[in-house]
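Asks: Protein chains in written order, with the working numbering: chain A, 3 to 182; chain B, 1303 to 1496.
Keep in mind that the hints were calculated from the coordinates and are not lab data. Keep in mind that the hints are not guaranteed to be accurate.
A short, non-exhaustive set of chain A residues, derived as facing chain B with CB atoms under 7 angstroms [said to hold, decoys possible]:
#	residue
1	Pro35
2	Arg94
3	Leu167
By construction, the Cβ of each residue, glycine as well, lies at the ideal position given by its N, Cα and C atoms.
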Amino acid sequence: MTALDTATDSLLAQRSADGDTRAFAVLVRRHGPFLRAYATRLTGSSSDADDAVQEALIAAWNQLDTLRDTTKVRSWLVSIVSRKATDRIRARRSSDELDDDLPAEGVTPEQAAVASSRLEALSVVLASLPEGQRQCWALKELGGYSYEEIGERLGMTPAMVRGKLARARATMVTGMEAWR
Amino acid sequence: MTETEEGIGGSGYTLDDLSAYLDRGRLPAIAAIDTNAECRAVLDSMERVGALSRELLASDVRENPSVDENWLGSLLTSISRELRAGRDIPLSSTDPTTSLSITEGAVRELVRSAGDSVDGVLVGSCTLIGTPDGTEPIQVSLTISVVLARPLQELADEVRKRVYSELLKHTELDIEAVNVTIGDVHIMTSEDPR
């Protein structure tokens, strides 16, 4: 008997669409860690990320029969997680919106430089970004979405996305200067 | 980086412009940016932190490489409540006051496990063609994925035979044909993570 966990995403998606929960479990084990890491960076909160991933997977299960190209399971799951995560962000947003256009505070290149690794330094710099900027960064750099798509998800114009992303990048470049 | 009235490095382009230019893949090429050393340095730095961002995500995954099995268990429980059972397929009963049936979903499960029991084969999708209420013969179509270990024809025949006999054993469906399509032939591996 051939083990299901050696199967391709495409085959697992077909079986899941037919109602095979075992096949779906293999997909979740395979892609869950990535989805969770992505959602955590996007929302900045591991509990929001867990909820968004859980909701996304339930939605995915219910919509699997609408997935046309079953070889694209992973990016399809990422898009559902992005949607669920940004829904959460929008639901809890109200008080944190005002400070968004201020420059990032708290991290100087010197502070980032004492981190023990380049990645840790980046993590420190990211944590200092205002929410909206960090979300634009995650959807662009990690999700690969266009300004229009990001704007739609976050309730901003593409021009606002463009501005926030540029500011996020400028802060990151400055913060990471010591780590070149 | 120095941004003045004249833009970054006097190029006339702002930080926002450069960031957007990067996202367009630096196309169509803008000579005033491409020939400006300071602009190029900014673009390269932005590109570098972008790549580093994806590295950070990959490292997050390496630190938490598996899902929590308890969490997965409860997720599966909640989705199986919404199981795609499909149509009810009647079974005859000796007791006239009882009506028995098997769901289409359960029939698919039978087909999958019969096909999977052939070494080197995994069943993909499975469809019942026709009205499975016992009034007319139906066809079963399935796709399989195989590891190239035995001749394809032999594998497909074996699958057809086992699916047919399992359905005969557990259902009263009048099976006209079992159609097996070989979806892919390869060493089965996961889709490459991006």
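Asks: Check each numbered hint against the structure and report the violated ones by number, ascending.
Replies: 2
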